[in-house]
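Enquirer: From just these sequences and the hints, can you work out the full model?
Okay, here's what each chain looks like letter by letter:
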Amino acid sequence: MATAFARNQWYVTAYASEVGRDLLGRTILGEPIVLYRTEEDGSVVALSDRCVHRRFPLSASRLDGDRIVCGYHGFTYDTSGTCVYVPGQQRIPRTARVTSYPVAELDSLVWVWIGDPERADEKLIPRAPHLADPDMVTVRGMEPIDCDYGLLVDNLLDLSHETYLHGGYIGTPEVAETPISTEVDEAAGVVRVSRHMMDAACPPFYARSTGIEGRITRLQDIEYFAPCLYLLHSRIMPVGQTEPVFRTEITYAITPGAPGKVYDFWAVSRDFAREDDEVTKFLHDFNHTVVMQDVDALNLLQRALDSEPAGYQELSINIDTGGLAARRILARLASA
Amino acid sequence: MTGPAPSAEPAELVTGLINRIDWEPGSDLLRGTCHCGARHTCDDPVEMWTWLLSHPDGHRPEGSDG
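Going line by line, the protein sequences match chains A and B. With my numbering applied, the first sequence covers 1 to 336. With my numbering applied, the second sequence covers 1 to 66.
The set of hints was computed from the structure by calculation and includes no laboratory data. Don't take every hint at face value.
In silico contact screen, one side only, chain B against chain A (beta carbon under 7 Å); selected entries [claimed, not checked]:
(1) 14
(2) 15
(3) 18
(4) 19
(5) 21
(6) 22
(7) 25
(8) 42
(9) 45
(10) 46
(11) 49
(12) 60
Residues of chain B clear of chain A, computed beta-carbon distances all greater than 10 Å [claimed, not checked]:
(13) 36
(14) 37
(15) 39
(16) 41
(17) 54
(18) 56
(19) 57
(20) 58
(21) 59
Glycine included, C-beta positions come from ideal geometry on N, C-alpha and C.
Expert: Below, the structure is given as structure tokens:
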């Protein structure tokens, strides 16, 4: 069953570094959006990505200063979405305007508000300050997945799948074997899942980035700020020691694109081996491989679900405690 | 009438009220703690969330198992 979209929410639409003087098209909750950065002050503009005239994608058009000139017939829009030029005539129709979306640039992320602009409040945006912390080094990427965004939420709220889907990368037997604690703030829409492994094998992801050769204490503390931001606070240390502590912040933004499509923004930030470019490259490439394992699995899972008769049954067990809470919160946000 | 005015929202929709489920190490049991302090034990997360969200129905005073 498709997970309903929650409107009147902020969604990560791009990394700040992706938005510049080239027009960038993204579709969020089924709404095509074009993004660019102004010459005037470098602020990010987000407009509907369809010209009012014949619906041509503005993201396939060009900028003239801070105005978009439609690549089909030249309808020209300013940063507020107001049409300021139409070809061949003086009168600009009163309805010649494209939707302008509230935008906030925070923590190296570009957030766009989908819903009633009057309700857009930047204070509602959950924070990921480590992404822009000069004391941490971050690698990142984005992969589109052809699946219901709820499948990605499910995937990330239950990390026991690391043992099976990501074995030999980030998974070890202890992940699936270790009980979790789950806390939910229903009204705030926050789910926290903790899995603390006091004596665990060190997976290659950490062995090769930290140099630890033996077993580790591995602490996983998830915070999911529904609907979009997911933080995994990871701390590892050699088993039996309280330090050194290797801190890794793993960030996901789960942004529904359209029904059956989701953007999987991922980032890994670390506070160790910061000057080591080899570690940086390793973590980028290794985590990309891990993300692609999820992408392939979720693409496959969605295709399998699509072939199921309506009303198929699932079975939830203890590992699903956090995911079940997230589903319920998403349903509530979607019906609000 | 004295005391605080009743909240316009259901209790479960007041920010900062935490429901918690601990999976008992070495067992299949889940131990749920409602934001009101009531507790419940079972081995099914669906049943546990149903119990937690039924607050205050069936939730006994703080510390006692519901």
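Enquirer: Indicate, hint by hint, whether the structure satisfies it.
Expert: Consistency of the hints with the structure:
| no. | hint | result |
| --- | --- | --- |
| 1 | 14 | holds, 5 Å |
| 2 | 15 | holds, 4 Å |
| 3 | 18 | holds, 5 Å |
| 4 | 19 | holds, 5 Å |
| 5 | 21 | holds, 5 Å |
| 6 | 22 | holds, 5 Å |
| 7 | 25 | holds, 5 Å |
| 8 | 42 | violated, 10 Å |
| 9 | 45 | holds, 4 Å |
| 10 | 46 | holds, 6 Å |
| 11 | 49 | holds, 6 Å |
| 12 | 60 | violated, 20 Å |
| 13 | 36 | holds, 13 Å |
| 14 | 37 | holds, 15 Å |
| 15 | 39 | holds, 14 Å |
| 16 | 41 | holds, 13 Å |
| 17 | 54 | holds, 13 Å |
| 18 | 56 | holds, 14 Å |
| 19 | 57 | holds, 16 Å |
| 20 | 58 | holds, 18 Å |
| 21 | 59 | holds, 15 Å |
In the structure shown, a violation is registered for the earlier hints numbered 8, 12, in ascending order.
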